[in-house]
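Participant: Sequence:
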Amino acid sequence: MNSLHKTLSMLALVLIALWSGQALAAEDDVAEEEGVIERLVLERNEVIISGVAFRVAYDAKVEIRGSYGSYTMLQPGMKVFFEYRRYSPTELEIFAIEQLPDNREIEET
Numbered sequence: 007m008n009s010l011h012k013t014l015s016m017l018a019l020v021l022i023a024l025w026s027g028q029a030l031a032a033e034d035d036v037a038e039e040e041g042v043i044e045r046l047v048l049e050r051n052e053v054i055i056s057g058v059a060f061r062v063a064y065d066a067k068v069e070i071r072g073s074y075g076s077y078t079m080l081q082p083g084m085k086v087f088f089e090y091r092r093y094s095p096t097e098l099e100i101f102a103i104e105q106l107p108d109n110r111e112i113e114e115t
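Each step along the sequence shown adds one to the number in our numbering, with nothing skipped, and position 36 is 42.
Calculated directly from the structure, the hints in this document are not laboratory data. Fair warning: there could be bad hints in the mix.
As the list claims (entries may be wrong) - Cut-off 20 angstroms, straight-line C-alpha distance, at most; resulting in silico cross-link-like pairs (SDA-like, lysine to any residue):
(1) LYS85 <-> ILE54
(2) LYS85 <-> LEU48
(3) LYS85 <-> PRO95
(4) LYS85 <-> ASP35
(5) LYS67 <-> GLU113
Unchecked claim - Using C-beta positions, here's what the derived DEER-type ranges look like:
(6) GLN81 <-> GLU111: 27 to 35 angstroms
(7) ILE54 <-> ASP108: 18 to 26 angstroms
(8) ASN109 <-> ARG50: 16 to 24 angstroms
By construction, the Cβ of each residue, glycine as well, lies at the ideal position given by its N, Cα and C atoms.
Make the full structure from the sequences, and use the hints.
Facilitator: Here's what the structure looks like:
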């Protein structure tokens, strides 16, 4: 009976995670891009890059000019390379972001 209770508890946690949108993205839902930061929305832990809104993971790896930094150190106008997970067409989460050199050419799509 105890084993059944544990199994049901785990199943309930998985269902809650799926329902709340916090389930892990599949490996093929991970992408990388380059772009220009347009603005930061600090109260939502969000960044707008080349017209697209991305949530920034709380444990995201942030690199600024070759050193570790934080999300709040990013600035509009910075050219960046970033990796993100796609949970849905509108729910995108950056887990790594790195500032690129100012003279780097960024192709806008």
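Participant: The structure should be examined with respect to each hint, and the outcome stated for every one.
Facilitator: Comparing the hints with the structure gives:
no.	hint	in the structure
1	LYS85 <-> ILE54	holds, 12 angstroms
2	LYS85 <-> LEU48	holds, 19 angstroms
3	LYS85 <-> PRO95	violated, 23 angstroms
4	LYS85 <-> ASP35	violated, 23 angstroms
5	LYS67 <-> GLU113	violated, 24 angstroms
6	GLN81 <-> GLU111: 27 to 35 angstroms	violated, 19 angstroms
7	ILE54 <-> ASP108: 18 to 26 angstroms	holds, 19 angstroms
8	ASN109 <-> ARG50: 16 to 24 angstroms	violated, 31 angstroms
Of the numbered hints given earlier, the model fails hints 3, 4, 5, 6, 8; all others are met.
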